[in-house]
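Undergrad: So the protein sequences, as listed, match chains Z and F.
Heads up: the first sequence begins at 1 in the numbering used here, then just goes up one per residue.
Heads up: the second sequence begins at 107 in the numbering used here, then just goes up one per residue.
Possibly wrong hints are sitting among the right ones.
[What the hints assert, rightly or not] Among chain F residues calculated to face chain Z with C-beta under 8 angstroms, some are:
1) Glu274
2) Gly369
3) Tyr372
[As the list claims (entries may be wrong)] Computed from the model, here is a short list of chain Z residues facing chain F with C-beta under 7 angstroms:
4) Gly17
5) Val21
6) Asn25
7) Leu88
These are computed hints drawn from the structure, not numbers from a lab.
Here a beta-carbon is modelled for each residue, glycine too, at the ideal position from N, C-alpha and C.
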Amino acid sequence: MTRQGDSIVLEKFIVRGDKGVLSTNCDVASIRSLFRNQFEVSNKIVIDFKGIRSISPSFAYECFAHIYDEKNKLEKILENLEVENDTLGFKNKVIKAIQRRIMVLS
Amino acid sequence: MKWALSLFKGDENVGIVTVKLEGRVGYLNNTESFFNKFIEIFENIKEGQKFIIDLTKVDFIYPNALFFLLSIRETLRNQKCNLDILIDEGSEVHEYLDYSGFCKAFEISSYPQNKKKTLVKKSDVLELEFGDKITNYTKKASDLVDFLKTRQSMSLLVESEIISSIEEILRNIDQHSEYKKYYLLGQSYPASKRIRFVFYDNGIGIKQHMTRNIYDDMHKTFKRFVTQESFEKMKTGPANLAIREAAKYAVSATNYKDNSGAGINYIIKELSSITHGVVSILSEDGIIIWKDGSESPVYNQKLPYPIKGTIVSLTLDCEPGTKIITRGELND
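Produce the entire structure from the sequences given, and follow the hints as far as they go.
TA: And the structure:
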């Protein structure tokens, strides 16, 4: 899944019965680690939002905004963030969560 | 026929207090008359006292006010007081209470079967749920929105935002409030394309939760957001100071690894902006209202007396862009 350039399909991490909602019910630490690995291998993060109905703000903050604790690394993620199947504008949610973490770290 | 039902027994010899409410009852539209009636009660409350809340002259009760009455009941129950609710049997208010599930919540009889009419449109009152334990926030949030969608159209974006916001509120109640009971109401207004959710828990309240630890412990998670001075103010001041702090981004009374402090701020800023929403949080003796995604409240007041627990209310536009919410609509 983490081959260079591959997208990470978030649908695979939805907890059974959660009807397409990504929340902190999911294994946030594992998903975050997966994105960190992807970024370190390919210098970019590619997220596939196929099948996702909703993303809770806590999930966005804890998962994407905590991939790194360093402001400059998070800024690099913002520059190299790609998305697929983003019909509901989740990219914007991810960007805002990261931007706010950068603000907190400043 | 006037009708009353005793909810729980108290010592009638201690004295009876009757509170009469009239007209349309909300917790803002007639703040003075509504709140002031209860000031005396809570200042002079005696164990075992009997109270009557007279709703016979009431035309309509907004859901927020009903939750408020529930919180009063919880307070009186804790004082081992006796509370009677007085309503006209078969009246519109009685029917509304029945349809919205509050007859069950208040432990009063249902609207009489032989008088069933359609004074209150069933489609306007969706669902009240109350219980001892909130389970599976995400599924509950999805189910609520799915139920709403059978009554009212909404865009996929709004649906997505509402699900995540309800989930955040339920999580906050469950993880932080130490509630014994929770109440949750979903309501639709198809004509105005709006929906409302009201959440009530009878737990410890936001101020008590935010200030339960000493400042040194809190500072680890608050970091630069809260100073020693503002922490002390929050601890000794009215609850709206604590509500305001809790609503800031990335402020949580527990470690951020477990709680990001992102949820409530998101609802106030993002959800409310997308849906022309009105968000109100009433906890203990404080109330704050935000609207249209502005982090500056449109209403920020200390209440004359504390309630038990917290009431969170969201009023949202399902098809944003077609309607502008006016200030007058804050009244409910």
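Undergrad: Going by Cβ atoms only, is Glu274 of chain F closer than 8 angstroms to chain Z?
TA: 6 angstroms, holds
Undergrad: Can Gly369 of chain F be said to touch chain Z, with a Cβ gap under 8 angstroms?
TA: 5 angstroms, holds
Undergrad: Given Asn25 of chain Z was flagged as interface, is its beta-carbon under 7 angstroms from a beta-carbon of chain F?
TA: Asn25 of chain Z check passes; min Cβ-Cβ to chain F is 6 angstroms, inside 7 angstroms.
Undergrad: Closer than 8 angstroms between Cβ atoms is the bar; does Tyr372 of chain F clear it against chain Z? Give me holds or violated.
TA: 4 angstroms, holds
Undergrad: Tell me if Leu88 of chain Z is really an interface residue toward chain F, meaning its C-beta lies closer than 7 angstroms to one of theirs.
TA: 5 angstroms, holds
Undergrad: For the hint on Val21 of chain Z, does the least C-beta distance to chain F fall short of 7 angstroms?
TA: 5 angstroms, holds
Undergrad: Answer holds if the nearest beta-carbon of chain F is closer than 7 angstroms to that of Gly17 of chain Z; otherwise answer violated.
TA: Interface hint status for Gly17 of chain Z: holds (6 angstroms vs cutoff 7 angstroms).
The structure fails none of the hints (numbered hints given earlier).
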